[in-house]
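K.L.:
Chain residues, written in single-letter form:
Protein chains: 2
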Amino acid sequence: MRRIRLTVAYDGTNYHGWQIQPGVVTIESVLNEALTELFGEEIAVIGASRTDSGVHARGNVAVFDTEGKMAADRICFALNQRLPEDIRVQDSCQVPSDWHPRKQHCVKTYEYKILNRRMELPDRRLYAYFYYYDLDLERMKEAASYLLGEHDFKSFCSAKSQVEDTVRTIYSLDILKEGDEITLRIRGNGFLYNMVRIIAGTLLNVGNGRMEPEELAEILKARDRRAAGPTAPAKGLTLVGMEYEPF
Amino acid sequence: MRRIRLTVAYDGTNYHGWQIQPGVVTIESVLNEALTELFGEEIAVIGASRTDSGVHARGNVAVFDTEGKMAADRICFALNQRLPEDIRVQDSCQVPSDWHPRKQHCVKTYEYKILNRRMELPDRRLYAYFYYYDLDLERMKEAASYLLGEHDFKSFCSAKSQVEDTVRTIYSLDILKEGDEITLRIRGNGFLYNMVRIIAGTLLNVGNGRMEPEELAEILKARDRRAAGPTAPAKGLTLVGMEYEPF
Chain R
1 MRRIRLTVAY DGTNYHGWQI QPGVVTIESV LNEALTELFG EEIAVIGASR TDSGVHARGN
61 VAVFDTEGKM AADRICFALN QRLPEDIRVQ DSCQVPSDWH PRKQHCVKTY EYKILNRRME
121 LPDRRLYAYF YYYDLDLERM KEAASYLLGE HDFKSFCSAK SQVEDTVRTI YSLDILKEGD
181 EITLRIRGNG FLYNMVRIIA GTLLNVGNGR MEPEELAEIL KARDRRAAGP TAPAKGLTLV
241 GMEYEPF
Chain X
1 MRRIRLTVAY DGTNYHGWQI QPGVVTIESV LNEALTELFG EEIAVIGASR TDSGVHARGN
61 VAVFDTEGKM AADRICFALN QRLPEDIRVQ DSCQVPSDWH PRKQHCVKTY EYKILNRRME
121 LPDRRLYAYF YYYDLDLERM KEAASYLLGE HDFKSFCSAK SQVEDTVRTI YSLDILKEGD
181 EITLRIRGNG FLYNMVRIIA GTLLNVGNGR MEPEELAEIL KARDRRAAGP TAPAKGLTLV
241 GMEYEPF
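From first to last, the protein sequence lines stand for chains R and X.
If you count the first sequence from 1, position 11 lands on 11 in this note's numbering, and the numbers rise without skipping.
If you count the second sequence from 1, position 235 lands on 235 in this note's numbering, and the numbers rise without skipping.
Calculated directly from the structure, the hints in this document are not laboratory data.
Be careful, since some hints might not be right.
The list that follows gives simulated cross-link-like pairs (lysine-lysine, PhoX-like), each with its CA atoms no further than 25 Å apart [to be verified]:
1. R/LYS113 with X/LYS221
2. X/LYS69 with X/LYS141
3. R/LYS160 with R/LYS221
4. R/LYS177 with X/LYS177
5. R/LYS113 with X/LYS113
6. R/LYS69 with R/LYS141
7. R/LYS141 with R/LYS160
8. X/LYS113 with X/LYS69
9. R/LYS113 with R/LYS69
10. X/LYS160 with X/LYS221
11. R/LYS177 with X/LYS221
12. R/LYS103 with R/LYS160
Some residues of chain X that are not near chain R, with every Cβ distance over 10 Å (derived) [said to hold, decoys possible]:
13. THR66
14. MET119
15. GLU218
16. ALA227
Where a beta carbon is used, it is the ideal one built from N, C-alpha and C, also for glycine.
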């Protein structure tokens, strides 16, 4: 028995998120079916990040165990033949049999994309949040600086979440602009439920003048979801990648 | 009666190109329906560029005549309310009643996008041509230089085309790279049927070593479609914009 790690990219538009749920198509269910077919044995992946409905990924991670003999680095190619074109496994390799993608220290990188112009652009409609109003990037950068480092991010966590420890570390939060498109690029040691989308919604409120950059300090202190801005739409969010320590 | 000019952006994925054809959905047919509904009179647009099935646009141009009284610069907003989200009119304005989008001098800009890496990326699958093999950009740039200026581009025109005058001028052909994505950006006074896609296919053959940059001179001289490279897929192509002289 070998444990295989996959790096998975997908366009989340047509999926009800990562996690298996009855009656709907998810990334996890499609991967399990393709792997089961490929190896002729029942296979169930363990995913690193259970992305929401409509969220995209370039580098989510999953592992599975198999008795199959196929060379580990060829599995991605064979698997892609059996996957729909909106899911593409980028890489496959063998890992130790106790390696678990949610039980390792890792740095996650997300990008949130905002299309900031007067008219929507059809070819970006599924990958960026269209935002009509002017945004002041300097204010957004100032606000972002309050979030760097270790903080209790309870205010930036969906009220639905039942997680107890809401302390996380953000290593960097860069705000980049290219043409009409703004990218919030955020790296951290873990993210709470909807955390990146709530950060994006809050920074948008600072950018359009509804909030002041300094308010971010109070929002953190409040430890209350209602203190932060709205949850920005799923389609702007991409899980870019996960960096694990070598085993 | 006023003549109104529209700047139209669309994701060509779900359309059988611009031009009306029986039994299929086209950009032109959807625009006509939405305009007819909006103004309550039968409206038929005249398009500048009849893009092929699967080709995208950020700035195609069309005109129509109407008795309607709506402010010209508001028409785009009212129209977008009635259009599917993969078509978005960027701008609307009044033009002289004899202004015709195919009978004016204009500079057209196209972009052809190539995703050059080992694995496909789902979120780029509809907007860039995935190309696995290594490409030498310096060779491609050298080849492109042969196409600049006024030439007979008959070798770069689909053999199906019946156009007689195949002389066109290319003002610039830039080859840019950002991460894994290569953009061929081409500006000219007009393009023959499939011309940009055949140029892209030919430059790919130079980039991968199958052709030499100097061969471009011979290909032009041949005036024969068979001398050039293959027609690159439609989905990589976007009509970026059309610059007309002020009226």
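K.L.:
If a hint holds in the structure, say so; if it does not, say that too.
P.N.:
We went through each hint and held it up to the structure:
1. Note on R/LYS113 and X/LYS221: the hinted pairing is violated, with a Cα-Cα distance of about 46 Å set against a maximum of 25 Å.
2. Of the supplied pair hints, the one linking X/LYS69 and X/LYS141 is violated, its CA atoms being roughly 50 Å apart against a limit of 25 Å.
3. The straight-line distance between the Cα atoms of R/LYS160 and R/LYS221 is roughly 19 Å, inside the 25 Å bound, and the hint therefore holds.
4. Restraint check for R/LYS177 and X/LYS177: satisfied, since their Cα atoms lie roughly 17 Å apart, inside the 25 Å limit.
5. This hinted pair checks out: R/LYS113 and X/LYS113 have alpha carbons roughly 20 Å apart, not beyond 25 Å.
6. For the hint linking R/LYS69 to R/LYS141, the alpha-carbon distance of about 50 Å lies beyond 25 Å, and the restraint is violated.
7. Restraint check for R/LYS141 and R/LYS160: the C-alpha separation of about 28 Å exceeds 25 Å, so the hint is violated.
8. Between X/LYS113 and X/LYS69 the alpha-carbon distance is near 41 Å, which puts this suggested pair outside the 25 Å criterion.
9. Restraint check: the Cα-Cα separation between R/LYS113 and R/LYS69 comes to about 41 Å, which exceeds 25 Å; the hinted pair is violated.
10. Pair hint X/LYS160 plus X/LYS221 holds up; C-alpha atoms about 19 Å apart against a cutoff of 25 Å.
11. With a C-alpha separation of about 44 Å, the suggested pairing of R/LYS177 with X/LYS221 is violated against the 25 Å cut-off.
12. Taking the CA atoms of R/LYS103 and R/LYS160, the gap is about 23 Å. The hint holds against a cut of 25 Å.
13. Distance check on X/THR66: its Cβ is at least 21 Å (rounded) from any Cβ of chain R, clearing the 10 Å threshold; non-interface status holds.
14. At roughly 5 Å from the closest C-beta of chain R, the C-beta of X/MET119 falls inside 10 Å, breaking its exclusion from the interface.
15. Every Cβ of chain R is farther than 10 Å from the Cβ of X/GLU218; the closest lies at roughly 36 Å, confirming the non-interface assignment.
16. Distance check for X/ALA227 against chain R: the nearest CB is about 33 Å away, which clears 10 Å, and the non-interface claim stands.
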